[in-house]
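Protein chains in written order, with our numbering: chain A, 18 to 197; chain B, 2 to 185.
Careful, some of the hints might be misleading.
Claimed, not checked - Here are the computed lysine-lysine pairs in the DSS-like style, where the Cα-Cα straight-line distance is at most 27 angstroms:
#1 Lys9/B with Lys36/A
#2 Lys85/A with Lys18/B
#3 Lys72/A with Lys181/B
#4 Lys9/B with Lys86/A
#5 Lys56/B with Lys181/B
#6 Lys72/A with Lys177/B
What the hints assert, rightly or not - For each label pair, taking beta carbons as the anchor points, the in silico distance ranges come out as:
#7 Ser131/B with Gly71/A: 41 to 49 angstroms
#8 Trp119/A with Asp85/B: 41 to 49 angstroms
#9 Glu197/A with Tyr17/B: 39 to 47 angstroms
#10 Arg39/A with Thr33/B: 29 to 37 angstroms
#11 Gln148/A with Arg28/B: 34 to 42 angstroms
#12 Arg28/B with Asp102/A: 28 to 36 angstroms
#13 Gly113/A with Gly34/B: 18 to 26 angstroms
Said to hold, decoys possible - Negatives, chain B to chain A, calculated, CB over 10 angstroms:
#14 Glu95
#15 Arg101
#16 Phe132
#17 Thr133
What the hints contain is simulated information worked out from the structure, not anything from laboratory work. Keep in mind it's a predicted model, so treat the numbers as computed, not measured. Cβ atoms here follow ideal geometry from the backbone N, Cα and C, with glycine treated the same way.
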Amino acid sequence: MADWKTRSSEVVYETKWFKIHRDEVLNQNGTPITYSYLDLAHPTVMIVAVNDEGKILMQQTYRYTVGKKLWEFPAGQRDGQAPVDAGKRELMEETGLVSDDWADLGALYSATGVTNIQRAICVARNVRPGQGERDQEEDISNHTFFTVSEIEAMIRDGTVDSSGVLAALYLAKLHGLIKE
Amino acid sequence: MSVSNPWKITSSKIVYKNPWMRVQEDRVITPTGKEGIYGYVLSNDSVIVAVLNDKHELFVVRGFSYPVASWNWQLPGGGGDQEDAAIAAKRELEEETGIRAERWEKLGVTRVCDGFMRERMTTYLAQNISFTGEKETSNEKITDGKFVPMPEVDAMIERGEINDGQSITAIYLAQKWLAKAGAN
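The shape of chain A in the complex, shown without the other chains (with noise of 0.2 angstroms):
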């Protein structure tokens, strides 16, 4: 089956983070469609720290878009860096968090249709406190150690509501890095 073919592409809108494109489109059929995306500059990481009781890390970030704090995992973009040395960064920067024990589970889209954003799932296991830079400007609260069924209860209740957590969560048990 053909790939989609681009005929004309504009950006309708540009800031630091992200472009929208509008594209004139021929689909698998050949028929034209006019197709608007939001072009993410840099993929992004999202890490499940777990601690050595198998208990794992949320924060609650504060979402401009939705105007409240999220429970969330840390994340971040990677600014160029493979997946597990921007998990490292980005987990040092928002929890003051090191490991010596990372997996690197693949990357996700969050939303094939409207987005190219995607995010490397990445685990640390065995956290612990270390030496380095904590970022003071990103406004993250509350970090709690949860069990998964803490977690589970959470998404249950509609305390955590956020897909991309939901996704990492199901990948890291897949892959057998966590357990109930």
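Keeping the supplied structure of chain A fixed, place chain B upon it in accordance with the hints.
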């Protein structure tokens, strides 16, 4: 947890608009007192459907994702046309796959990409299904669909053949529902 918005919005405008998305740009003063702009996408809320047959196999579809520029296995769904989520789910499923279902369960509402988007996705479970024999083909991105047993769905995720966070979220919610239904 703060109750008021720590960001001050000094002005706000729509910088791009089409039937599926608007792009909003706010002039802001950040919590640390810096002036800046915050741009983000306001796309229509979306739906995704976990279709199960009598054997509890999951229906996966293959389609081209233009933003990602690749063919991917996913669950059926899409952007709602600003309609009720339950109606959107039935319409999207029938348009994309020709499947009608008698039994529907709402499994949850999740958020997508919170830094740049506000979109919320509602996951539905659809059972007691029949095929109408018709589906929209000209504009749809779906080219193939098949029922896959759950262990094979998990293997597809592990191999990276299903790598769409929204589909994996819906698979997670469907498996939790199945585990609970099995326990009762």
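Exclusion check [Arg101/B not at the chain A interface, CB over 10 angstroms]: Consistent with the label, Arg101/B stays out of reach of chain A, its closest Cβ about 23 angstroms off (over 10 angstroms).
Arg39/A and Thr33/B, beta-carbon distance inside 29 to 37 angstroms? holds, 34 angstroms
Using the Cβ atoms, figure out if Trp119/A sits within 41 to 49 angstroms of Asp85/B. holds, 44 angstroms
Gln148/A paired with Arg28/B, Cβ distance criterion 34 to 42 angstroms: Roughly 39 angstroms apart at Cβ, these two residues keep to the hinted range, so it holds.
Cβ distance range 18 to 26 angstroms for Gly113/A and Gly34/B, holds or violated: 25 angstroms Cβ-Cβ, so the 18 to 26 angstroms window holds.
Within a Cα-Cα threshold of 27 angstroms, do Lys72/A and Lys181/B meet the stated pairing? holds, 23 angstroms
Does Lys36/A sit within 27 angstroms of Lys9/B, going by the straight-line distance between their CA atoms? Between Lys9/B and Lys36/A the Cα gap is close to 24 angstroms, so the pair holds against 27 angstroms.
Tell me if the beta carbons of Arg28/B and Asp102/A are separated by a distance inside 28 to 36 angstroms. Check passed, 35 angstroms falls within 28 to 36 angstroms.
Agreement of Lys85/A and Lys18/B with the hint, judged by alpha carbon distance not exceeding 27 angstroms: With a Cα-Cα distance of about 25 angstroms, the restraint between Lys85/A and Lys18/B holds, given a limit of 27 angstroms.
Cβ separation of Ser131/B and Gly71/A, checked against the hinted range 41 to 49 angstroms: Cβ of Ser131/B to Cβ of Gly71/A: about 45 angstroms, so the range 41 to 49 angstroms holds.
Holds or violated: 39 to 47 angstroms for the Cβ distance of Glu197/A and Tyr17/B? holds, 45 angstroms
CA of Lys9/B to CA of Lys86/A, is that 27 angstroms or under? holds, 16 angstroms
In terms of the numbered hints stated before, the structure departs from none.
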